[in-house]
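Visitor: One letter stands for each residue in the lines below.
Protein chains: 2
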Amino acid sequence: MPQAPHTEKHFQGSAAVRDVVIGMADGLTVPFALAAGLSGAALESGIVVTAGLAEIAAGSIAMGLGGYLAARSDAEHYASEREREVSEVAEKRDAERDEVSEVFEGYGLTAAQIAPILEGFEKDKDAWVDFMMRFELGLEAPDPRRARRSALTIAGAYIAGGMVPLAPYMVTHAIGTALTWSIALTGIALFLFGWIKGRFTGVAPLKSALQTTLVGGLAAAAAFGIARLIAR
Amino acid sequence: MPQAPHTEKHFQGSAAVRDVVIGMADGLTVPFALAAGLSGAALESGIVVTAGLAEIAAGSIAMGLGGYLAARSDAEHYASEREREVSEVAEKRDAERDEVSEVFEGYGLTAAQIAPILEGFEKDKDAWVDFMMRFELGLEAPDPRRARRSALTIAGAYIAGGMVPLAPYMVTHAIGTALTWSIALTGIALFLFGWIKGRFTGVAPLKSALQTTLVGGLAAAAAFGIARLIAR
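Those sequence lines, one after another, are chains A and B. Each residue of the first sequence is one higher than the one before, counting from 1 in my numbering. Each residue of the second sequence is one higher than the one before, counting from 1 in my numbering.
With the rest of the complex left out, here is chain A (with noise of 0.2 Å):
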C-alpha cells in the first residue's frame, strides 16, 4: 500500500543496513577480545593470528549460514501461518469474526463501526487472511530473495570488521605491540561503527559510540583476563 511522503523518516534502516550491523558488531568485538585474551596469556603472535583468522572463519559462516536458515524459516513460518489462517477464515468463520471485532474494539470502535468492515471482509476473503497476518499475528510477507543477501552481508561484514583487530598482530611478531595497536585500531573502528550505527537505528550517535566500544572493551577484557588466569 502507498505510503505518505512523511512517513519514511519513521524507517532510518533497511535491512541491509540492519544485516552489516549484525556481523560487523561481532566482527570488530570477538576476534578483537580473542587476540588480547591471547596476548593475556603471552602467546606468539603467529598463534594468535591463526586463532583469529580461525574464528573469523568460523564466525562468519555461522552468523552468514545462520542469518540464512533465519531468514528461510521466517518465510516457511509466514507460509504456514498464512494456510493456518487461510484454512480458520473458511472453517471457523464465527471465531475469526469475534477475533476481527477484538481488534477494532481494542482501539475503542463500537459494534456498528465495526459491522462494515466484516462485511467488507466477508466479500474479500484475501484481504480478510492479510489483515488476520498483520494484526493478529504482526507478520508480513518477508522477502523472498532476503536469505541469500542477508547472509553474504552479514558474514562480509564479520570478515571486515574482524580484520581489523587482527591486522596489527599480522605486521609485527612483538605481541605487546600489537595488542597496543589493535586496542587503538579497534577502539576507533567501534567508535566509528557505533557512531554510524546510531544514526542508522536513531539512536543518539554519541551515545551509540560509548555504548559500541564499552561493550567491546568489556568482552576483549573478560576475555584477557581469563586467558592470563588460565595461562599462570
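There may be inaccurate statements among the hints.
Because identical chains share one entry, a pair is satisfied inside a single copy or across any pair of copies.
[Unchecked claim] Pairs of lysine-lysine, DSBU-like flavour, derived with a Cα cap of 35 Å:
| no. | residue 1 | residue 2 |
| --- | --- | --- |
| 1 | K125 | K92 |
| 2 | K123 | K92 |
| 3 | K207 | K92 |
Keep in mind the hints are simulated off the structure, nothing from the lab. Note that this is a predicted model, so its numbers are computed, not measured.
Based on these hints, arrange chain B on the given structure of chain A.
Guide: Frame of chain A; chain B shown alone:
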C-alpha cells in the same frame, strides 16, 4: 486484547526461547569451530582451552550486551516513534486520516466503510496512535524488563553451549582424541539442539536438526582448513 483460544497455536516460541536459541546456536558453533581449527594447526590442547575459554568469555559478553542494548534501543525507538505519531495525529490530522484510509483501502474496504473508523479514532486519539504504531509502523510496545533478562539468557546459553566442544580438550592432552570427542559430542548436541529448536519454531524437527548440524560442521571445517593452511 483477548485472544480466541485457538489462536495460541500460532505462537510456538516465546522471547526467552528465542534468546536461548540465539545464544546457544553461536555458543555451540563458534567455540567448536575455533577449537577444531586450532587442532588443525596442531597446537597444544592447553592453547586450545585458553583460546576456547577466551572466546566463550568474549562471545557471551558481546552477544549478551549486544542483546541488552538491542532491547533497550527497541524500547527507546518505540518511545520516540510514539511521540512522533502523537504529534502527527495532532498536527497533521488530514495526512494521518489519509493513512488510515489507505491502510483499509489496501484490505478492500470502501470509503463508506472506513468513515466510522475515522470517526471512532477522532474520539480516542490514544487508540489512534496505538493503531498507527502497530499498523503503519509494525511496532509493538516492548516489555521494559526484557533487556536485562534477554542479556543474561543469551550469555548463559552461549556459555552452556560453548563448554560442550571444549570439555574434551580439558579432559585429555592428546589433541587428536580431544578433537574426535569434541566433534562427536558437539555433533550430537547440535543435532539435539536443532531438533528441539525446530519444535519451538515450527520447522520440521529432523530438517532443523540437520541444518543446525550442517552449519556447525561447515564452520568447523572452514576454521580447521584455514588454521591448517596458516600453520604449514
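Visitor: Run every hint past the structure and note whether it holds.
Guide: To see whether the hints hold, each was checked on the structure:
no., hint, result
1, K125 <-> K92, "both (13 Å within a copy, 33 Å between copies)"
2, K123 <-> K92, "both (16 Å within a copy, 32 Å between copies)"
3, K207 <-> K92, "between (50 Å within a copy, 31 Å between copies)"
Checked against the numbered hints above, the structure violates none of them.
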